[in-house]
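Student: Residue numbers (the working numbering), protein chains in the order written: chain A, 218 to 735; chain B, 698 to 1010.
These are computed hints drawn from the structure, not numbers from a lab.
Don't take each hint at face value.
What the hints assert, rightly or not - Distance windows between CB atoms, simulated:
id, chain 1, residue 1, chain 2, residue 2, range
1, B, Asp738, A, Arg597, 44 to 54 angstroms
2, A, Asp400, B, Thr771, 19 to 29 angstroms
3, B, Arg725, A, Gln580, 15 to 25 angstroms
As the list claims (entries may be wrong) - If you want the footprint, here are the derived chain A segments under chain B, 3+ residues with CB under 8 angstroms:
id, stretch
4, 264-278
5, 306-318
6, 341-347
7, 371-380
8, 412-420
9, 468-480
If you're wondering where the values come from, they're calculated on a predicted model, not measured in any experiment.
Note that CB positions come from ideal geometry on N, CA and C, so glycine has one too.
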Amino acid sequence: MRLRAALLAGAAALGVAAFGGTAAAQPRTTLNVGMAAQDVGRLDPHFAVSTIDRVAVAWMFNGLVRFKPGSINPAEIEPDLAERWEASADGRTWTFVLRRGVQFHGGFGEVTAEDVAFSLRKAAQSSTSAFSGDFRAFESVEVVDPHTVRIRLRENVPSLLGLVTNYAGGYIVSKRAVEQKGDAFMRAPIGSGPFAFASVTPNQSLELAAHEGYFRGAPQIKRISYRFIPSDASRDLAFQNRELDINYGRAQTAWIERTRRLPNVVVDVFEPAELAILNINTRQPPFDDIRVRRAVAHAIDRSELVRWRGEAVAREGQSLVPRGYLGFTPDVPLPGFDQARARSLLAEAGHPNGISVRVIHTQLPEMLSAMQVVQQQLRRVGITLDLQVVEHATFHQQIRQDLSPLVYYAAARFPVADIYLTQFYHGRSIVKTPTAVTNFSHCAMADAEIDAARVETDPQKQLALWAAAQRKLVEAVCGVPLFETLLVFARYGNVDYGYELKGSMSLGPLITEATRFR
Amino acid sequence: MIGFAVRRLIAAAPTLIAVLTLVFVIVRIVPGDPALVILGDQATPEAIAALRARLGLDRPLHEQYLEFLFASLTGDFGTSLVTGRPIVSEVAAVLPHTLDLTAAAMLIGTVVGVPVGIWAALHRNRAIDVAARILSLLGLSFPVFVSGIFLLLLFALHWRIFPVIGNADLADPVDRLHKLVLPAITLGLVMAAYITRVTRSAMLHVLSEDFIRTARAKGVPWRAVVWRHGLRNALIPVVTVVGLYVGILIGNSVLTEIVFNRPGLGKIIVGALNQRDYAMLQGLMVIYCFLIVVVNLITDLTYGLIDPRVKHA
Chain A
218 MRLRAALLAG AAALGVAAFG GTAAAQPRTT LNVGMAAQDV GRLDPHFAVS TIDRVAVAWM
278 FNGLVRFKPG SINPAEIEPD LAERWEASAD GRTWTFVLRR GVQFHGGFGE VTAEDVAFSL
338 RKAAQSSTSA FSGDFRAFES VEVVDPHTVR IRLRENVPSL LGLVTNYAGG YIVSKRAVEQ
398 KGDAFMRAPI GSGPFAFASV TPNQSLELAA HEGYFRGAPQ IKRISYRFIP SDASRDLAFQ
458 NRELDINYGR AQTAWIERTR RLPNVVVDVF EPAELAILNI NTRQPPFDDI RVRRAVAHAI
518 DRSELVRWRG EAVAREGQSL VPRGYLGFTP DVPLPGFDQA RARSLLAEAG HPNGISVRVI
578 HTQLPEMLSA MQVVQQQLRR VGITLDLQVV EHATFHQQIR QDLSPLVYYA AARFPVADIY
638 LTQFYHGRSI VKTPTAVTNF SHCAMADAEI DAARVETDPQ KQLALWAAAQ RKLVEAVCGV
698 PLFETLLVFA RYGNVDYGYE LKGSMSLGPL ITEATRFR
Chain B
698 MIGFAVRRLI AAAPTLIAVL TLVFVIVRIV PGDPALVILG DQATPEAIAA LRARLGLDRP
758 LHEQYLEFLF ASLTGDFGTS LVTGRPIVSE VAAVLPHTLD LTAAAMLIGT VVGVPVGIWA
818 ALHRNRAIDV AARILSLLGL SFPVFVSGIF LLLLFALHWR IFPVIGNADL ADPVDRLHKL
878 VLPAITLGLV MAAYITRVTR SAMLHVLSED FIRTARAKGV PWRAVVWRHG LRNALIPVVT
938 VVGLYVGILI GNSVLTEIVF NRPGLGKIIV GALNQRDYAM LQGLMVIYCF LIVVVNLITD
998 LTYGLIDPRV KHA
């Protein structure tokens, strides 16, 4: 007691009131959000690729259309900056009519068709956007009048609305701000969303202020303090201490259960899930022999992986496309868990004593631990993985140089099968080629189906083509789907998002004009 | 003394250039492409090539090197490849936090470590000495992410005296001091443990010297022998160690910064390394080297104050 008294006296001497003092009496309008990151990167939304950046730009920018808050269902896309739109009969010309009077932050004026055309052209250029590849089918973006914009496509795309939604390259920026600010735009961007950039303190926080002129109404939250706290333990302590209202969570059942036991805390587990796949290079021995690839597939026990990750956040992978994506099918010939079959396949392929493979993998704890479980499962059938653990940036570079015959990769994409299939399993995306993305398996046997599905206008035929592509790729064991991991955020019960959080394409909770403290 | 300082700074120039060259080469040898880090995993080779060109990473290495050297000499470190923010302003924003933490930890380390070390040496092999040795061993063995979390649990969560998030408002001295206490104690205790051991060892060595025996034989009081003759001589290695440790502290306080969520140089260095932010790393290294040179200079100057035999001429 004497120690406590002395410490309290010391604190008083510093002129510091204990937490939870007078502030509790006033209505709260500042939302403190904790994020597992060192710092934000580029705040130009067309360069926002990391989770920390994506979460923040979603609060500052709009698209022509948007996912209904709390949902990632493309069928629930609704108007955002555009109040209506129409498509030509062939689906290659889309005309969007903008809302009138929507204002950019900082007095940069009204959102016009010029801004929209500028933004989409910027998003489509490799020098000004990280998402230029998504806009390959764009032929032109024309300004019809100050509030009407027309997009012409070279070929049909599976979801044009998906490209102009509040996600990735679909965000609309102020043309005048980009031209006026130049490189400074990425540090202090101008959007039209409910929150405006206020300041950033390196390695500490990004501060956003309410956009009082927001077209859906002034936000009820007046300020967001987005805190960068890389240490999980420190972030959790800050959340428990109520220094944070919302906390980036860990995709672990133990963490979720522990956090849910805190008084008045809600843990949201939501889409999109990241699908982890063990991609197999079908050109490199011994995996150029399909029997060896099938042995790998039979050795994987997905249910064990899900139990290890935790059933609250993980579910079994069922195909080479994540569940719930438009075009996903569970109707694929996925090899079941069968260790005896795996051993006999290895023996048939001339490896009765098993094989040993050198595999490059990242040191990121979540990915490393998952790979160690896979390593253990494969070892049981005689496949020994010699894991070369490297730093994460090195991992990304080396797997793109084809230096690893097996590549564990977990990713979430726009929820349409075309993007996943094209980036991971189309011949055009094979690593170490001029058009490479993330095809580590070197598979190209489903290119015809993927290409045909992309431009198919009949939804049923399109689904059938995507299903056929998945069957071919699974049959050839280009990759072994492992498990899907959902996103996790915790919040105090007095934080009301204003919608039910079931999904978020920005990978974090959307803070809207309706978000408030109860 | 001024001439000595100027000569030392000039003599440090080749070291600085050698270190900069080494940093320039190492960050480029390490695999990992900053353009890929910036653009993310969906980037096309075309987009990556465009960004590399924009960042100047596609130019010949010797061109990049010369530009970097020239820019460093003029104090222009450019902008971060990742955030696009000026490096000087990034460093200026965090440097006061780093200096606060380093100075406070050094103060705690010295104020605790030197007396305890002397005390232990004067009571060699007795209970006090054994206790001091065990405690200093514990201090060195306890990683700051354990002791830091423990302090947070106690003082932030249980007693709610200090906050968990330690990013202080530099313009508010009370807030600055308030948020410095726990990190400074965490890091200061490690330093205290180190200084205790060095002081104890130095004192034991000095106390066994002939001149101490002579002083005692001449009837000099024990207190004067210890403070005037023993400690003064023992402080030379202690100052050396403190000087070296301050340099290490500036860069190695990263764990403390992460646990207490404080901004700082160490945290930026780690972030820049993870993101392959060459420009930031290079800029940070220039500043870091400069700080080390200054700390070493201060250490050398301090020798003269402690020991009149050390001349700076």
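Student: Evaluate each hint against the coordinates.
Tutor: Against the structure, the hints come out as follows:
| no. | hint | verdict |
| --- | --- | --- |
| 1 | B:Asp738 with A:Arg597: 44 to 54 angstroms | violated (31 angstroms) |
| 2 | A:Asp400 with B:Thr771: 19 to 29 angstroms | holds (20 angstroms) |
| 3 | B:Arg725 with A:Gln580: 15 to 25 angstroms | holds (21 angstroms) |
| 4 | 264-278 | holds (count 3) |
| 5 | 306-318 | violated (count 0) |
| 6 | 341-347 | holds (count 4) |
| 7 | 371-380 | violated (count 0) |
| 8 | 412-420 | holds (count 4) |
| 9 | 468-480 | violated (count 0) |
Of the numbered hints listed earlier, those contradicted by the structure are 1, 5, 7, 9.
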